[in-house]
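Asker: Once you've looked at the hints, dock chain B against the given chain A.
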Amino acid sequence: MELLRADNVVKRFDAVTAVDGVSFSVNQGEIFGFLGPNGAGKTTTINLLTGLARLTSGSLYLEGEEYSTRLKRAQAVMGVVPDESNLYEELDGFQNLTFCASLYGIDRRRREQRAKELLEQFGLAQVGKRFFKSYSRGMKRKLTIAAGIIHEPKILFLDEPTTGIDVMSARQIRTLILELNRRGTTIFLTTHYIEEAERLCHRIAFIVAGKIIRIGSLEELMQEYQRDTVLQMAVEETGPELLLSLRQQFPRYSIRRTDERSIRVVSGGSITLLPLLDFLTGRGVAVTEARLIRPTLEEVFVRVTGIESELMMQEREGKKK
Amino acid sequence: MTRWIAFWNILRKDMKTYYLKPPNISWGLIFPFAWMLMFYIRSKTAFDIRELLPGVVSMSILFGTTSMLAVTITFERRSRSFERLLLAPIENNLLMLAKTGGAILFGVLNAFVPIGVAAFLADLSGTNWTAVIASILLIAATSTFLGLFISVAVHEVFEAQTFSNFFRFPMLFLCGLFIPIGRLPFFLRPLSYILPLTYGADILKTAINREGTLPLWMSFPLLLIFAVGLFLYSLRNIKRKWVL
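Chains as they are written, first to last, in our numbering: chain A, 1 to 321; chain B, 1001 to 1244.
A hint or two may mislead.
As the list claims (entries may be wrong) - No farther apart than 27 angstroms at their CA atoms in a straight line, the calculated lysine-lysine pairs in the BS3-like style are these: (1) K1241/B - K129/A; (2) K133/A - K116/A; (3) K72/A - K1239/B; (4) K154/A - K1021/B; (5) K116/A - K154/A; (6) K129/A - K1239/B; (7) K1241/B - K211/A; (8) K72/A - K1021/B; (9) K129/A - K1013/B; (10) K116/A - K1241/B; (11) K1239/B - K1013/B; (12) K129/A - K116/A; (13) K72/A - K129/A; (14) K133/A - K1016/B; (15) K116/A - K1013/B.
What the hints assert, rightly or not - Some chain A residues close to chain B (C-beta under 7 angstroms, calculated; not the full set): (16) T50; (17) V80; (18) N86; (19) S262; (20) V266.
Stated by the list, open to error - DEER-style ranges, computed between Cβ atoms: (21) M1015/B - G29/A: 51 to 61 angstroms; (22) S134/A - L1184/B: 36 to 46 angstroms; (23) M1015/B - T17/A: 37 to 47 angstroms; (24) Q126/A - I1030/B: 33 to 43 angstroms.
Source of the hints: derived by calculation from the structure; they are not laboratory data. Beta carbons: idealized from backbone N, C-alpha and C, even for Gly.
Just chain A, with the same shape it has in the complex (with noise of 0.2 angstroms):
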């Protein structure tokens, strides 16, 4: 059942088009991702469809209802977390999720078993007297998340949730969105991250100044591109100039660096290894080791975006610091 709907939405700041004609829906239980590149219009959409932002033109629908002109309805069943943690400082855990639940009416004894309950659920109780300005930057995040769902919401947006924040509190918070949508909570999640997205939802789109250029389940998006033949080989070395030098060497194939030790070689029919390997040889680079995998999201993503996902998270950590 769809829950959530945009249809045409625009958004212009004067000359810039943040978002282009963006339609969408997002079914009840589901958890979909909205992925794209900085600047892509990730934000201002999560902005538009929570009423932080207005539209320039186009509707929103909620659960069958255009609610842009009736925001504060809408509004009561949506929970949002954005991309940085904006509680209150100079409050402590306790009392930022009791203060958040007061401003959707809640009443006192049930604000505050609901805030011990989520302080307990997100490993947080130990620490809920603490200040908030006290906190570590994914302790921030998940006190910011639990003040998202303190009031139940039928849907959750879930803004950058894992960015800038350390692996382990990262994996944390993962867990975390999985479990509150098998407990029913519908999410709508923003992320650069590609394994994120494949590993968490049901459904995903990609996003590229302002316009949607895919959209579809994981399956979906992967279908077109599972004749792909993809080798990733470890190699002691992965410059640029080696790139270039390969991919002129072998322009049938794609050819990306994964990590600082990993090169991609992507083809839409095989791949035949010996040349690759003489090549790389020639040049003094040890290839210690060489394998066929199966096509992923972020190969899917690279191909009909054309942005190396690398690139894209570097750009998002960069802005960060």
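Answerer: Okay, now just chain B, sitting in the frame of chain A:
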């Protein structure tokens, strides 16, 4: 009921986290006390205290509310915690009334410090207390809404402070508290009559010393119009500027 739970908790949180903090209490409460003491030491007579009371009360409210509200709202907007309030299912007008309610209460509390001190040092018999209390409430509301107007116009906390002073100091000298409006250069007099504090201070002068120059039936409605006008204008700007 839902809305009022939110309203009350926003007001309570602001009072607790911003206004009733030691630095603000010292600024808001000791400042008017110090002014009173300073004037008392200088004048040495009880009569002068009564003369000065409308001015000190007005100043205490003005200084206690305007920049305080402008700074707290600007601070919350910078830290993005204000977004939480905009995302809550509470109408913007009620939300802003809750945000300004704390500052208004703080302004009223500030006003009663010089009155309390003056009650010990001078004879305040014959004061029209109904008019005093009503004018304190209206001056506090108008000054707070002026702070709201400022907070919508600025982005940084320091701008809020600077911009507040840009309004407050000229207002103090043009509102007739220290220099009677009739003795101001003729080209400045029209300015006095577009300042809300002129009417508030005049009510206080009439209520405490029977020295006001404008009739109460005129000053009260005008002050109310200023308060409502500033609030509505700020609300309009909030919708235009904060929900982009």
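Asker: Please go over all the hints and tell whether each is borne out by the structure.
Answerer: Hint-by-hint comparison with the structure:
1. Our distance criterion of 27 angstroms between C-alpha atoms is broken by K1241/B and K129/A, whose separation comes to about 36 angstroms.
2. At roughly 19 angstroms between alpha-carbon atoms, K133/A and K116/A fall within 27 angstroms of each other, so this suggested pair holds.
3. Under the criterion of a C-alpha separation no larger than 27 angstroms, the hint pairing K72/A with K1239/B is consistent with the structure, at around 14 angstroms.
4. Simply put, K154/A and K1021/B have alpha-carbon atoms about 38 angstroms apart, too far for the 27 angstroms limit, and the pair is violated.
5. In summary, the hint linking K116/A to K154/A is supported, as the alpha carbons are separated by about 21 angstroms, within the 27 angstroms threshold.
6. Between K129/A and K1239/B the alpha-carbon distance is near 36 angstroms, which puts this suggested pair outside the 27 angstroms criterion.
7. Taken as a hint, the K1241/B and K211/A pair is honoured in the structure, with Cα atoms around 25 angstroms apart against an allowance of 27 angstroms.
8. A distance of roughly 33 angstroms separates the Cα atoms of K72/A and K1021/B; the hinted pair therefore is violated under the 27 angstroms criterion.
9. For the given pair, K129/A sits about 16 angstroms from K1013/B by alpha-carbon distance, which is consistent with the 27 angstroms threshold.
10. For the suggested pair K116/A and K1241/B, the alpha carbons sit about 37 angstroms apart, so the restraint of at most 27 angstroms is broken.
11. In summary, the hint linking K1239/B to K1013/B is supported, as the alpha carbons are separated by about 23 angstroms, within the 27 angstroms threshold.
12. Of the pairs offered as hints, the one joining K129/A and K116/A holds, with about 11 angstroms between alpha carbons and a cut-off of 27 angstroms not exceeded.
13. Taking the CA atoms of K72/A and K129/A, the gap is about 31 angstroms. The hint is violated against a cut of 27 angstroms.
14. Proposed proximity of K133/A and K1016/B is supported: the alpha carbons are some 17 angstroms apart, at most 27 angstroms.
15. Restraint check for K116/A and K1013/B: satisfied, since their Cα atoms lie roughly 19 angstroms apart, inside the 27 angstroms limit.
16. A least Cβ separation of about 6 angstroms between T50/A and chain B falls short of the 7 angstroms threshold, and the interface hint therefore holds.
17. Against a cut-off of 7 angstroms between C-beta atoms, the interface hint on V80/A holds, since the closest Cβ of chain B lies about 5 angstroms away.
18. Because the beta carbon of N86/A sits about 4 angstroms from the nearest beta carbon in chain B, less than 7 angstroms, this interface hint is met.
19. Interface restraint check: S262/A against chain B, minimum CB-CB distance 38 angstroms, threshold 7 angstroms, status violated.
20. Against a cut-off of 7 angstroms between C-beta atoms, the interface hint on V266/A is violated, since the closest Cβ of chain B lies about 40 angstroms away.
21. A hinted range of 51 to 61 angstroms for the beta carbons of M1015/B and G29/A is inconsistent with their spacing of about 41 angstroms.
22. Between S134/A and L1184/B the beta carbon distance is about 53 angstroms. The supplied range of 36 to 46 angstroms is therefore violated.
23. Checked against the hint of 37 to 47 angstroms, the pair M1015/B and T17/A passes, with Cβ atoms roughly 44 angstroms apart.
24. In this structure the supplied range 33 to 43 angstroms holds for Q126/A paired with I1030/B, their Cβ-Cβ distance being about 39 angstroms.
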